[in-house]
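Between the sequences and the hints, there should be enough to build the whole structure, so can you do that?
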Amino acid sequence: MPEVLLAVRDLVAFYGDFQALFGVSIEVGRGEAVAVIGANGAGKSTLLKSIAGLLHARSDAIVFAGEPIGGMPAFAVAARGIALVPEGRGLFPSLTVEENLLVGGQLGRPGAWNLRRIYELFPALGQRRKLPSTALSGGQQQMAALGRALMANPQLLLCDEISLGLAPIVVREIYARLPAVRAEGTAIVVVEQDVVQALAAAQHVYCLQEGRVALSGAAKDLTREAIAAAYFGV
Amino acid sequence: MRSVVEGARSWEFCNLRKTIGNIDAPSTAQARGPPPPLSWGRKYASKRLMEWINVILQGVLVGGLYAMFAAGLSLIFGVMRLVNIAHGDLIVLAAYVALVVAQTLGIGPLTALIIVVPVMAAIGYALQWFVLNRTLGDDLLPPLLVTFGLSVIIQNGLLTLFTADSVKLQAGPIEVATIRLAEGLYVGVLPLVQFAVAVAVIAGLQLVFYRTALGRAFRAAADEPAMAQLMGLDNRHVFALAMALSLAVVAIAGVFLAVRANFDPSQGPARLIFGFEAVIIGGLGSLWGTLAGGLILGVAQAVGAHLNPGWQILAGHIAFLIVLAARPQGLFPKVRP
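As they're listed, the protein sequences go chains A and B.
Its first residue numbered 12, the first sequence is counted upward by one per residue in the numbering used here.
Its first residue numbered 44, the second sequence is counted upward by one per residue in the numbering used here.
Nothing false has been slipped in among the hints.
Computed Cβ-Cβ distance ranges for the label pairs, DEER-style:
#1 A:Arg69 - B:Arg124: 29 to 35 Å
#2 A:Leu142 - B:Ala165: 37 to 43 Å
#3 B:Val242 - A:Thr145: 30 to 36 Å
#4 B:Ala256 - A:Arg69: 33 to 39 Å
#5 A:Gly228 - B:Gly192: 56 to 62 Å
#6 B:Gly192 - A:Ala123: 48 to 54 Å
#7 B:Gly192 - A:Arg69: 34 to 40 Å
#8 B:Glu94 - A:Leu142: 49 to 55 Å
#9 A:Arg69 - B:Arg370: 52 to 58 Å
#10 B:Arg124 - A:Gly137: 29 to 35 Å
#11 B:Lys211 - A:Glu78: 55 to 61 Å
Sample of chain A residues lacking proximity to chain B, with all beta carbon distances greater than 12 Å (derived):
#12 Gly40
#13 Pro179
#14 Ile185
#15 Glu195
#16 Gln220
To be clear, the hints were calculated from the coordinates, so they are not data collected in a lab.
Each residue gets a CB set at the ideal place from its N, CA and C atoms; glycine is no exception.
The following block contains the structure:
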């Protein structure tokens, strides 16, 4: 296992009185790809939102590059090199495609990614850079959301259900780009309901079930039966 | 001792009309210049025509000022969905700041802008950071109530400091300078400068909004505040910058208001209403629409005043109501995809 980049320890999360996470612990190494799988409502998105600073967390529950970042505001977390591709993409509708990318890069973190490289990665975006982001197809919007996150040159990229609502061929196309991202040394956490896709993309897998880690292990070592048991809790 | 209630009374409509009636009358008498020589028939018709051209021209020039009132208001609503009820009082506050600066340093009001604009921008930043950011949320009501309170505080604060006596900024010879456009058609240099500045302000805001990183940040924070945070934008800072920009525009509008006519602490709410009307006529979210809204309001008021001096404000309101009834989204609404 490479040097630990992100360590989540015993994380709890609440929406008002409702508790969504009950002491979740995960680790992500530098440059590693980790998948978090689980059924609807297992707490996958909550985990990512907590890491990104959108939900309150105990300070030492999330340690990034050796620094406790739990409970920091999202803009401070972003400045440290964590980028989230949110569920539903969250593009800025009144901005053009290129402006969306530029907002993503506005922190000016140094790194491999810039407008030209994003357009090389996703040529469809380059052709439509002056269009409003709402004029894109679903798959192109997901590419724009991914590109916008990459523009921040993050050390850790969090992807929340990038396959949601997209045709399988489009999903495969987007997942095919992730190795290029990892090649730049960026660690990736993908949250997926699509287990096959997640297992193919990651080296390490965590399976969440009702706010707890039900299973964890190297992607190649996990059996179908073990995953089914952890996923459905049967 | 002047009470809060007394300050709030200026909201009453009759009071509004009384105070605004004379102030915003286009300064036609001054700008019209010497009357053309009397003559017959065709000449009379051409004189009437000139008179109307003059009325509309003066209305357009005043409209620039209204557009400046409206631009700051529209900017704030666009970026953070905050309806700033104190906007008019902040314009009057800027006029008093200009008065103090001009008197203390012995400089002209237009030169004083160099100081008044940054001072008002700083006030805007601090106001947003320490007060208004705390009121923002899903509910539109808290910022509305807080800025209403702010309006009362500013009015009464100014009343205590400067009394209710009306004052005016003296700009010197430029105030009476005119340019002859045609036989019987003259415009004042000051209204012309004011109009040019208004167009420049709107163009400048347009440039900031659509050509700069700051403008992208404004629009991103307006679209998806949570997502903007994820991009590393501190929304509190972005909103404070938007308020600073709004009050910089307010400073310019305040100085021109103060040079144009007498002002006193109770005039804010009327400026607010003109600003609102210009925004609604033009269509929310469109800066050039706001300029058009200001011009339409100015021309309507000028035409009303020309027909009957008592109809000036009424004509403006009627124009506003007609637009509201016929095109509730305004004339040039921003097409939100």
